[in-house]
Amino acid sequence: MSAGAKRVEQLDRVVIRFAGDSGDGMQLTGDRFTSETAQLGNDISTLPNFPAEIRAPAGTLPGVSSFQVHFADYDILTPGDSPNVLVAMNPAALKANLADLPSGADIIVNTDEFTKRNLAKVGYAASPLEDGSLSDYAVHPVALTSMTVGALAELGVAKKDGERAKNMFALGLLSWMYSRPFESTLRFLETKFAKRPDLVAANKAAFQAGWNFGETTESFTVRYEVKPARMKPGTYRNITGNQALALGLVAASVRSKLPLFLGAYPITPASDILHELSKHKKFGITTVQAEDEIAAIGAAVGASYGGALGVTTTSGPGVALKGETISLAIALELPLVIVDVQRAGPSTGMPTKTEQADLNMALFGRHGEAPLAVIAPKSPSDCFHAAIEAARIALKYRTPVILLSDNYVANGSEPWLLPSADELPDISVEFTTEPNGEDGRFLPYLRDPETMARPWAIPGTAGLEHRIGGLEKADKTGDISYDPANHEHMVRTRAARIEAIPVPDVEVEDADENARVLVLGWGSTYGPIGAACRALRQRGLPIAQAHLRHLAPLPANLGEVLAAYDKVVIPEMNLGQLAHVIRAKYLVDAVPFNQVSGLPFTAATLENMLEDVVKNG
Amino acid sequence: MASPTIPLTPVNLTAKDFKSDQEVRWCPGCGDYSILAAMQRFMPELGIPRENIVFVSGIGCSSRFPYYMNTYGMHSIHGRAPAIATGLSVSRPDLSVWVVTGDGDALSIGGNHLIHALRRNVNLKILLFNNRIYGLTKGQYSPTSELGKITKSTPAGSADSPFNPISLALGAEATFVARTIDSDAKHLQSVMRAAAQHEGSAFVEIYQNCNIFNDGAFELIKDSTTREDHLIRLEQGEPITFGADKQFSVTHPAGSFGLKVEEGGQALVHDATVDDPAYAFALSRLSGSDLGTTPIGVFRNVQRPSYDELITKQLVDAKATAEGTPEQMLDGLLNKADTWTIL
Numbered sequence: 001m002s003a004g005a006k007r008v009e010q011l012d013r014v015v016i017r018f019a020g021d022s023g024d025g026m027q028l029t030g031d032r033f034t035s036e037t038a039q040l041g042n043d044i045s046t047l048p049n050f051p052a053e054i055r056a057p058a059g060t061l062p063g064v065s066s067f068q069v070h071f072a073d074y075d076i077l078t079p080g081d082s083p084n085v086l087v088a089m090n091p092a093a094l095k096a097n098l099a100d101l102p103s104g105a106d107i108i109v110n111t112d113e114f115t116k117r118n119l120a121k122v123g124y125a126a127s128p129l130e131d132g133s134l135s136d137y138a139v140h141p142v143a144l145t146s147m148t149v150g151a152l153a154e155l156g157v158a159k160k161d162g163e164r165a166k167n168m169f170a171l172g173l174l175s176w177m178y179s180r181p182f183e184s185t186l187r188f189l190e191t192k193f194a195k196r197p198d199l200v201a202a203n204k205a206a207f208q209a210g211w212n213f214g215e216t217t218e219s220f221t222v223r224y225e226v227k228p229a230r231m232k233p234g235t236y237r238n239i240t241g242n243q244a245l246a247l248g249l250v251a252a253s254v255r256s257k258l259p260l261f262l263g264a265y266p267i268t269p270a271s272d273i274l275h276e277l278s279k280h281k282k283f284g285i286t287t288v289q290a291e292d293e294i295a296a297i298g299a300a301v302g303a304s305y306g307g308a309l310g311v312t313t314t315s316g317p318g319v320a321l322k323g324e325t326i327s328l329a330i331a332l333e334l335p336l337v338i339v340d341v342q343r344a345g346p347s348t349g350m351p352t353k354t355e356q357a358d359l360n361m362a363l364f365g366r367h368g369e370a371p372l373a374v375i376a377p378k379s380p381s382d383c384f385h386a387a388i389e390a391a392r393i394a395l396k397y398r399t400p401v402i403l404l405s406d407n408y409v410a411n412g413s414e415p416w417l418l419p420s421a422d423e424l425p426d427i428s429v430e431f432t433t434e435p436n437g438e439d440g441r442f443l444p445y446l447r448d449p450e451t452m453a454r455p456w457a458i459p460g461t462a463g464l465e466h467r468i469g470g471l472e473k474a475d476k477t478g479d480i481s482y483d484p485a486n487h488e489h490m491v492r493t494r495a496a497r498i499e500a501i502p503v504p505d506v507e508v509e510d511a512d513e514n515a516r517v518l519v520l521g522w523g524s525t526y527g528p529i530g531a532a533c534r535a536l537r538q539r540g541l542p543i544a545q546a547h548l549r550h551l552a553p554l555p556a557n558l559g560e561v562l563a564a565y566d567k568v569v570i571p572e573m574n575l576g577q578l579a580h581v582i583r584a585k586y587l588v589d590a591v592p593f594n595q596v597s598g599l600p601f602t603a604a605t606l607e608n609m610l611e612d613v614v615k616n617g
Numbered sequence: 001m002a003s004p005t006i007p008l009t010p011v012n013l014t015a016k017d018f019k020s021d022q023e024v025r026w027c028p029g030c031g032d033y034s035i036l037a038a039m040q041r042f043m044p045e046l047g048i049p050r051e052n053i054v055f056v057s058g059i060g061c062s063s064r065f066p067y068y069m070n071t072y073g074m075h076s077i078h079g080r081a082p083a084i085a086t087g088l089s090v091s092r093p094d095l096s097v098w099v100v101t102g103d104g105d106a107l108s109i110g111g112n113h114l115i116h117a118l119r120r121n122v123n124l125k126i127l128l129f130n131n132r133i134y135g136l137t138k139g140q141y142s143p144t145s146e147l148g149k150i151t152k153s154t155p156a157g158s159a160d161s162p163f164n165p166i167s168l169a170l171g172a173e174a175t176f177v178a179r180t181i182d183s184d185a186k187h188l189q190s191v192m193r194a195a196a197q198h199e200g201s202a203f204v205e206i207y208q209n210c211n212i213f214n215d216g217a218f219e220l221i222k223d224s225t226t227r228e229d230h231l232i233r234l235e236q237g238e239p240i241t242f243g244a245d246k247q248f249s250v251t252h253p254a255g256s257f258g259l260k261v262e263e264g265g266q267a268l269v270h271d272a273t274v275d276d277p278a279y280a281f282a283l284s285r286l287s288g289s290d291l292g293t294t295p296i297g298v299f300r301n302v303q304r305p306s307y308d309e310l311i312t313k314q315l316v317d318a319k320a321t322a323e324g325t326p327e328q329m330l331d332g333l334l335n336k337a338d339t340w341t342i343l
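Order-wise, the sequence lines are chains A and B.
Numbered according to my numbering, the first sequence spans residues 1 to 617.
Numbered according to my numbering, the second sequence spans residues 1 to 343.
This is chain B alone, in the form it adopts within the complex:
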């Protein structure tokens, strides 16, 4: 499990070991609580010593997360967590580095760092808590809010088209892309497990309810009376079907670039390991802001060398050519030029 460069703990840890002594201060009823609890329960499974785990966050409600995990952690500045985590991960291959971010943090102010971390395939597990609203600044629209969203800063409705975070991550050629939901602890943990096992960047979008500023944003796919007809569970090697009676299928109509939801029809068999990101991208396009037909699960899970691995290899190869003490090497370097001697 996880990266071969990260040590394993001989002790069996429990969820309690991952609870810090800090009082959790999210609003009562916030979806962040269930994500935190799921994470604390999941962490012992990794078998990694607490001291080798680091959570790095930016700014926003979700970014308080590191304070509550009894691991190493840094609550940094708005949008920059992927950049900071890149420096940490590349220089310390023995650490399991997790980035916790939100829709504003990752997709607005930090959009550049997110896409570059993903295209480099830095060995980071990036959890994007998407509540489609700015919570910490009290209710402005976010880059994932629906077009026309009425908020404090858009009384006449937002004129911004939202990002689809999964499409964005796939556009950056992320090697692992998944989506899950705060209220489904079991699914959440299964996705985290797959993310943790992935070598390289793992991007996980978590639909998270903000009960203060955007309550019920994901109700359509959470409510037991509606979700069966709107939620598509992606399972590796299984036909992509949904509906109370599995009556809906995701199909690939001949001659079409994209995928389609049909009643009946020949359901595609899900394979997240397809190298061409076009397949996962097509899956990501099944859902828009209205959540009409929303896939959750692992969209893409492919292997290519991580940035950390490539950089480490360059260092190891170069160090293999080193001779003498560091001081002797330094003397050699300083003298490696046209020199002259004055007696």
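Excised from the complex, chain A in its bound form:
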């Protein structure tokens, strides 16, 4: 594969969306393109978008699956608002994505799929390739399927297998167009189809045919290059939030020197964490796929009681079911990490779409006064560090911690500067092995004066046999107590000890230090909020950004930060749950800005909204 002789144009950033039927392999194509792009050193952000149905009827709008990748020669924060290039493998993919394209965008269509029948399936009376309706765009008609089948025929590949390799033809073409290195894809194919040398050959040939087609056809006159971004030196990999979160839990186990125990029940979009952790048994990790969400957290509590790092992973509906057991863990004062990969609700809602609407549930959704710590990662790679932080707090302060991820960070990806294991925080804690009371008595609820944590004395420790439970416990002894004054003391102590967990101050990004408007976010909105703020500053409009990682307890300096601005705007993918907390706690007239479409904010949406606030107050 040579570089060819076509004109080469430099770009600083590109957004490509691969779209096709859910059986067309678009997620894989996107993944491979991303990996090639990462090798080149561009900064990247990706966003898959797929239906909840495993295989919706072929060729229909509900069956469209897409993968968007944004890459640039500078650091970027989002997967991009609108694609510069759409690869549409069928009419449904074109129709489902056209509205997101700016005029002038490139559209590469697989003309073989634009049959009368397929057009009719999505309600096209005439082919949009012929009726002039795409005149605002640069359309590149490519007979992807038939050219793939043709290229593979000489290898003796059956037509059906040839058709299945058309995504590799598309990948080859796009890899040529954007001058991507392809060695990793060839290696990947060799591993993926290791047991089927015929498929390795077929997919490689399809990839090469796509590449060669780009080089020779007159339909593509320009090749593009995007130079590597200036990124911090080090070794990187591309990673999704769910992968990072799972690896963060492995790291937490290593750095706490405790065996990790995961109790989980499969649920979209959290199941990938269960899949990933179940692969790492050599780290001493036990994963139990429980009979239901309640058993999953119950088993994790049991393991924590026994001295493991107990974790349960789920999404909103699962957290609702786990509520009673979370309250038990609060009463028992045992370490526990509850991961909620939020999705659009209520009820089943839209399982593959994103939302931040479980914040209220995380903060308040339990019976009784049941405080715990809540943490939210801001990006896919941040899930790694947030998981370690959640485990650290759980272990040190003997409390359940809810880690609020969401579908956007869970399935999105970005380059991750790999940390060295030795440099990760040491989060180990000591089990109690000696009596702590007079006359050799053991007092399971006698607290450490610094952390207010009670001793963690695990079964198997001679002389410290004791009983704990959900009934109110007498201070220090842990005996059952109905004493009014004791209950008052214990309720207030449980609240105070969570409130006293030291968390880092919230930092404010205000490049020119003259902003009057502060935009406050939490969790996965960091990317689009950051991109919007950058755009405004570039246009000379001052704006300050603060982003919360710790939602309970809140950073000690937050009140002061909020008070320093004339206006505080809080964008959230819910109906104002953080805004509600901020208004109640700090008496600040914060302005909520809300979107509950199941999609992440675009930077442009936030830029427009914030521009209005900055200019008009």
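Just to be clear, a hint being listed does not mean it is correct.
No farther apart than 30 Å at their CA atoms in a straight line, the calculated lysine-lysine pairs in the DSSO-like style are these [as the list claims (entries may be wrong)]:
id, chain 1, residue 1, chain 2, residue 2
1, A, K192, B, K319
2, A, K204, B, K336
3, B, K313, A, K281
4, A, K279, A, K195
5, A, K281, B, K336
6, A, K195, B, K222
7, B, K336, A, K192
8, B, K319, A, K279
9, B, K336, A, K227
Derived from the structure by calculation, the hints contain no laboratory data.
Add chain B to chain A, keeping to what the hints say.
Chain B alone, transformed into the frame defined by chain A:
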């Protein structure tokens, strides 16, 4: 005795060593007292250090049990004890984990966890105190109450058909299933002994009298004037006969799926180790709500690998492939992807 992964104590313990400093607070006359006393007397026999024994319970009168045992213990939430105990047992093979539960806790709110613990064959000893009533909530019918039972919540009689806990456990393919009675300390201890020796889930139903809300529920098989004609004692390797003069036999009529009680007849010889659960199931069907002919003893006692054993083996096998320090392994894992380096 017990599991090879659980250590043994060099000291001889006594019943007193298993009494906690907590005041026992069941109603005077409750059957739970005799079960607790029998358990405290039996425990030293196990030879397991107290610190390696854990009692986990849910909610209900019986679930106060852990507070009174001087071992480790957790009084958890309604119905969830088998799930919590599963996490504990799987992650700590060195512990002897006992679940104490009741008919409401195990069969109503916690029914799902019970059947899944049993089908997995988690190494738990599950003691179900069945008094056929909700005691702690003051007298509503339970999932083992008789059809037509008049209680506070069923003034016109319950319309629910009851569970037969033994049949249910066998349906979940429990490997050890037994029944005993609170007032028969000797029998109770013999059943606990067999349960403790079993590797995997051991399910023991204990008929327990609630003298406040359902007094005399099991009188037919307790009263010395009636029990001989109604109580069937299952003994391994012995013909299944009962009655004052052993005049009744449990037989297997030709061509029938089930078993039958006959006067005279060819008595079956009891064998709890029969692999097919159909035999034990047929035994469990001899008694209904009326306790007419009620077997006690070990219905089923078969071996298959415990969940704990299988999970532990996977961990051990995987760990055998580990190389380097945990930190080095972690670095290896983080780098196991397409990586690139920026200089």
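Hints violated by the structure (numbers, ascending): Violated hint (a single one): 6; every other hint is consistent with the structure.
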